[in-house]
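Protein chains: 2
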Amino acid sequence: MKYIPKNIQRAIEEFSKLPGVGPKTAERLVFYLLKKPSQDIQKLGQAINELKEGLVYCEICKNLSSEIRCDICNNEARSEEEVCVVEDALDLMALEKTGAFKGRYHVLHGIISPVDGVGPDELTIHDLVLRAKNGTLKEMIFALNPSMEGEATAAYIMRQIEPYDIKVTRIARGIPMGGHVEYADSQTLKRAMEGRMSY
Amino acid sequence: MKYIPKNIQRAIEEFSKLPGVGPKTAERLVFYLLKKPSQDIQKLGQAINELKEGLVYCEICKNLSSEIRCDICNNEARSEEEVCVVEDALDLMALEKTGAFKGRYHVLHGIISPVDGVGPDELTIHDLVLRAKNGTLKEMIFALNPSMEGEATAAYIMRQIEPYDIKVTRIARGIPMGGHVEYADSQTLKRAMEGRMSY
Numbered sequence: 011m012k013y014i015p016k017n018i019q020r021a022i023e024e025f026s027k028l029p030g031v032g033p034k035t036a037e038r039l040v041f042y043l044l045k046k047p048s049q050d051i052q053k054l055g056q057a058i059n060e061l062k063e064g065l066v067y068c069e070i071c072k073n074l075s076s077e078i079r080c081d082i083c084n085n086e087a088r089s090e091e092e093v094c095v096v097e098d099a100l101d102l103m104a105l106e107k108t109g110a111f112k113g114r115y116h117v118l119h120g121i122i123s124p125v126d127g128v129g130p131d132e133l134t135i136h137d138l139v140l141r142a143k144n145g146t147l148k149e150m151i152f153a154l155n156p157s158m159e160g161e162a163t164a165a166y167i168m169r170q171i172e173p174y175d176i177k178v179t180r181i182a183r184g185i186p187m188g189g190h191v192e193y194a195d196s197q198t199l200k201r202a203m204e205g206r207m208s209y
Numbered sequence: 011m012k013y014i015p016k017n018i019q020r021a022i023e024e025f026s027k028l029p030g031v032g033p034k035t036a037e038r039l040v041f042y043l044l045k046k047p048s049q050d051i052q053k054l055g056q057a058i059n060e061l062k063e064g065l066v067y068c069e070i071c072k073n074l075s076s077e078i079r080c081d082i083c084n085n086e087a088r089s090e091e092e093v094c095v096v097e098d099a100l101d102l103m104a105l106e107k108t109g110a111f112k113g114r115y116h117v118l119h120g121i122i123s124p125v126d127g128v129g130p131d132e133l134t135i136h137d138l139v140l141r142a143k144n145g146t147l148k149e150m151i152f153a154l155n156p157s158m159e160g161e162a163t164a165a166y167i168m169r170q171i172e173p174y175d176i177k178v179t180r181i182a183r184g185i186p187m188g189g190h191v192e193y194a195d196s197q198t199l200k201r202a203m204e205g206r207m208s209y
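Sequence lines, in order, name chains A and B. Taken in order, the first sequence gives residues 11 to 209; the numbers are from the working numbering. Taken in order, the second sequence gives residues 11 to 209; the numbers are from the working numbering.
Identical copies go unnamed one by one, so any copy, or any two together, can satisfy a pair.
Using 25 Å as the maximum straight-line C-alpha spacing, the simulated BS3-like pairs for lysine-lysine come out as follows:
hint, residue 1, residue 2
1, K112, K177
2, K16, K112
3, K45, K107
4, K46, K34
5, K16, K53
6, K148, K177
7, K45, K16
8, K27, K62
9, K107, K34
10, K112, K148
11, K34, K53
Derived from the structure by calculation, the hints contain no laboratory data. Treat the numbers as computed from the prediction; the structure is a model and nothing was measured.
With the hints as extra help, turn the sequences into a complete structure.
Printed below as a string of structure tokens:
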């Protein structure tokens, strides 16, 4: 590709490293940017360069935050008695958008997965157990992805918090809204049946 | 979204502006970056910031170049007698990857489109006509997208170069490789029939 200026090649290369962005998409993105005014391009570049600036993990919930304590943990209106355990910040964001949960969170930053070499010590489980030990916590809600690893992680944490009097729940599994019973896989249907609720 | 640190929000916003990147994808990209080492993130940011640095339009073919004259126009091995006319640099790149063309290019940077307010003067047509006038050019090959605008642009240019003795061709239209005759639309089939070649 010697007929393409080096800066363009380099940008295409860097974009190609992003997940879901192949070389063709990277080309398209770069040439889209090339048509934009320089200041628009710089805005994107700057946002990326400054992405991690001043970011820390909240001392309580371990979510990414610009303060030592994040906005949710700082919010007195949110119940300290319920903690929702999520795998990562994207899950937290998805739950927050629903507005259905008014408690606090705990971000594990991963899931126990021996295959990938991730054990309990690589996650923030120890901090979660400390929160359980503290006394204010009454319900721990697991919002982990339904998978072997999710189950194993929940089971591990449950064993750790057994000494404390905490109710443990998990978000419901069943047929998604807009889904069809006839097309649902049998594992999902089984869970939906098990989790049936009275009208 | 006040529970998300400002830098993260800003990066999501900037990514969302890219074509084909919705808010969900932007979130995914940003959180992917957040897991990367800072220097990897900076590499992307820098590549974007420096994207346009030192870029000029080649004085001959008007392609983006880091020199006054681009590598292709500087290449003595490439025939000056054949010029392939393309809409933009992406089309040039696609053609170069085939290795099927050993002549020079001319990048129009758009197509005549009255609906979008793009007339001949917004494009590099004048420079192309000057190249035609120069005398070395023997064949002009149009590699424009098959559309009303592509046809109109080719027709306009052809009228301009009529005084000069230049053969005008266009790349073939027909059934794409791997395509099926039965699924081809009738316009494509019609063009394929008209453009039939002897074995």
